[in-house]
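K.L.:
This is what each chain is made of:
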Amino acid sequence: MAASFTPQNRTLISPASLNRPKGRLIYRIVLTAVIVVFTVVFLGPLYWMVTGGFKSASEVVANPPTYFPHHPKPGNYHTAWSELKIARLLFNTLYYAFGALAFQLVFDVAAAYAISKLRPVLGKLILGAMLATLMIPATVLIVPQYMTVLDLPVLHVNLIGTPWAIWLPTVANGFNIFLLKRFFDSIPEDLMHAAAIDGASPLRTLWSIVLPMSRPILGVVSIFAVVNVWKDFLWPMLVEPDPQKQPINIGIRSLSQGVPENVLIAALAISAVPTLLIFLLFQRNIMSGLTAGSLKG
Amino acid sequence: MAATTVPENTTSHAGRPPRAAGGAVRTGRGRKVRHNLQAHGFLIGAVLCFLTFSWYPMVREFIMSFQEKRRGVTSWVGFRNIDRVYHDPYFWTAWKNTAEFTLYALVIGFVVPFAVAIILNELRHAQAYLRILVYLPVMLPPVAGVLLFKYFYNPDYGLFNHVLKTLHLPTSQWLDSSHTAMISVVVAATWMSMGSATLIYLAALQNIPGELYEAADLDGAGLWSKIWHVTIPQTRLVLSMMLLLQIVATMQEFTNVYLLTGGNGPENSTMTVVYMVYQYAFSYNNFGSAAALGLFLLLVLGAFSGVYARLSRNAD
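Those protein sequence lines, which keep their order, are chains A and B. Numbering of the first sequence is given in full-length UniProt numbering, commencing with residue 1 and proceeding in unit increments. Numbering of the second sequence is given in full-length UniProt numbering, commencing with residue 1 and proceeding in unit increments.
The shape of chain A in the complex, shown without the other chains (with noise of 0.2 Å):
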């Protein structure tokens, strides 16, 4: 599926008309238009939001805009990351995302790996339970997740306000379970039964053998957990009302209200910078898992 790009195949203009001379000059205008269509619209803003960040509390709201700030004034910038605390609602965040990440290898991970290989009694009702959440949209669930998470069945424990309130319901993730144990599925059973024969137990073999063969499911599976946590609104603002919890997404809209919006449009160029240097690394990885994760179902 998530085929390489580079080499060219066969598409819909043909080689041929691309080689005359007016094919030639029609692909060469298209090209530039796109680039500088698309420059434009996906990097204007941003290039919009960095630039509002340097201007003066009446240079970013006169009319008309400005297109380079006059007097720049990196001092938006200072304000915003003491005054607004960016740097304790960027580490709620990782916080958070890492966390969220971690629960969900160990518990969806071993869940997958006994249901593929273990196979236990029940195993395919539990699979089947699981799938099915899949069917349930996600907003529906948050009032009675809400309901629940405010007072625990059976331990009675309020969860508002904690960290578990946002890393264990990432856990009921039945995508997870899904990728997951399909991958299992195409290790090879001979493998598994050359482990037992050898005597390794069911963890070792987990984590000798079908753990290093599963980092690439293990890749997509860690970038959807971290990509969901940072990119989730409704659920953290819920469950996490005290401001020094917050992730930055809750963070910087209750903290919005009262601040000049330069200093807002500076918080934002800030707490867009983590996310897209990640993305920017891992650029390859992020968009290849994404291609691969979302459609082999």
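Treat the hints with care, as some may be off.
[Stated by the list, open to error] Cross-link-like lysine to aspartate or glutamate pairs, in silico, EDC-like; alpha carbons within 20 Å at most:
#1 B:Lys32 / A:Asp198
#2 B:Lys150 / B:Glu122
#3 B:Lys96 / B:Asp83
#4 B:Lys226 / B:Glu214
#5 A:Lys85 / A:Asp185
#6 B:Lys165 / A:Glu59
#7 A:Lys73 / A:Glu261
#8 B:Lys69 / A:Glu189
#9 B:Lys69 / B:Asp83
#10 B:Lys32 / A:Glu189
#11 A:Lys245 / A:Glu59
#12 A:Lys22 / B:Asp83
#13 A:Lys124 / A:Asp185
#14 A:Lys22 / B:Asp217
#15 B:Lys226 / B:Glu122
#16 A:Lys231 / A:Asp242
#17 B:Lys150 / A:Glu59
#18 B:Lys150 / A:Asp190
#19 B:Lys226 / B:Glu211
#20 A:Lys124 / A:Glu189
None of these hints come from the bench; they were simulated from the model. Treat the numbers as computed from the prediction; the structure is a model and nothing was measured.
Fit chain B to the supplied structure of chain A, relying on the hints for placement.
P.N.:
Okay, now just chain B, sitting in the frame of chain A:
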């Protein structure tokens, strides 16, 4: 890149006896019990999380819809909650807005990424650059993208009205008018999320065998007829699955409207069903009615999810 795909020739285990790694070499009742216990040990963490945060809330959603909590006392009220939300003066407004959002999101958010994917697939240069550009907004924290658009939409000093004015086009009130609020939300939402759909279509386009286009050339087919008779039929499955996914996702719209218009919008023009659920639960503290409204949503979206599951089973 190809490394991330699941290895092909997935063998089916149907023919094999249901035993595997670890201690299934010798059989015997004791060993079997031990093996099962061990396997369920691996399952327990995930099962507990599903139980607490997915299966139980699902059951509770139904129960809550028929209950009411007054001064700490919970009682069964039959269909009263369902009746209340159904007769809420904004019930149909919310559904109309949700349908409107979904429709706009399909017209813009479904067609644009497909067209962009087709164009990108034809270009032989700057491919990596263009793909990164399209995907860039997906990686922004939603709050950054949304509040940035809110700034652009400002009728007095926003960038969009300035551009329109420069081009001598009529300006707009954007989010401040009940006529344009919803479409403004959709445009912002599409900008932020179209990258994923585009890349998925692009991958599908690259799987179309080149011979089909060659054959179409021999038949003297033009550009549009090639798109209509080769590209679209060849990507039909992906397209229909994405269509359903998108309907299910956009009908649950909350974040964008909440951040852009505060939820209600001018004259309630952006109040979606999920926002109404949110209001019932967290503004009016009426969890029973919120759950009842959720049931309506479940019913509608369940139908789409069912079709999607059907399609994806066929795809496998």
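K.L.:
With reference to the structure, classify each hint as holding or not holding.
P.N.:
Checked hints:
Under the criterion of a C-alpha separation no larger than 20 Å, the hint pairing lysine 32 of chain B with aspartate 198 of chain A is consistent with the structure, at around 19 Å. Under the criterion of a C-alpha separation no larger than 20 Å, the hint pairing lysine 150 of chain B with glutamate 122 of chain B is inconsistent with the structure, at around 34 Å. Distance check on the hinted pair: lysine 96 of chain B and aspartate 83 of chain B sit about 19 Å apart at the alpha-carbon level, within 20 Å; holds. For the given pair, lysine 226 of chain B sits about 10 Å from glutamate 214 of chain B by alpha-carbon distance, which is consistent with the 20 Å threshold.
A threshold of 20 Å between alpha carbons decides the hint, and for lysine 85 of chain A with aspartate 185 of chain A the separation of about 46 Å lies outside it, so the pair is violated. Pair hint lysine 165 of chain B plus glutamate 59 of chain A holds up; C-alpha atoms about 19 Å apart against a cutoff of 20 Å. A C-alpha spacing of about 13 Å is found between lysine 73 of chain A and glutamate 261 of chain A, which places the hinted pair at or below 20 Å, so the restraint holds. Using a Cα cut-off of 20 Å, the hinted pair lysine 69 of chain B and glutamate 189 of chain A is violated, with the two alpha carbons roughly 54 Å apart.
Distance check on the hinted pair: lysine 69 of chain B and aspartate 83 of chain B sit about 16 Å apart at the alpha-carbon level, within 20 Å; holds. A C-alpha spacing of about 18 Å is found between lysine 32 of chain B and glutamate 189 of chain A, which places the hinted pair at or below 20 Å, so the restraint holds. As the CA atoms of lysine 245 of chain A and glutamate 59 of chain A are separated by approximately 33 Å, the hinted pair breaks the 20 Å bound. For the suggested pair lysine 22 of chain A and aspartate 83 of chain B, the alpha carbons sit about 67 Å apart, so the restraint of at most 20 Å is broken.
Taking the CA atoms of lysine 124 of chain A and aspartate 185 of chain A, the gap is about 13 Å. The hint holds against a cut of 20 Å. Proposed proximity of lysine 22 of chain A and aspartate 217 of chain B is supported: the alpha carbons are some 18 Å apart, at most 20 Å. Distance hint between lysine 226 of chain B and glutamate 122 of chain B is fulfilled; the C-alpha atoms sit about 13 Å from each other, no more than 20 Å. This hinted pair checks out: lysine 231 of chain A and aspartate 242 of chain A have alpha carbons roughly 19 Å apart, not beyond 20 Å.
The hinted pair formed by lysine 150 of chain B and glutamate 59 of chain A meets the criterion: a straight-line CA distance of about 17 Å does not exceed 20 Å. Between the alpha carbons of lysine 150 of chain B and aspartate 190 of chain A the distance comes to roughly 58 Å, so the proposed pair goes past 20 Å and is violated. Straight-line distance between C-alpha atoms of lysine 226 of chain B and glutamate 211 of chain B comes to about 12 Å, which keeps the hinted pair within the 20 Å bound. As the CA atoms of lysine 124 of chain A and glutamate 189 of chain A are separated by approximately 18 Å, the hinted pair is consistent with the 20 Å bound.
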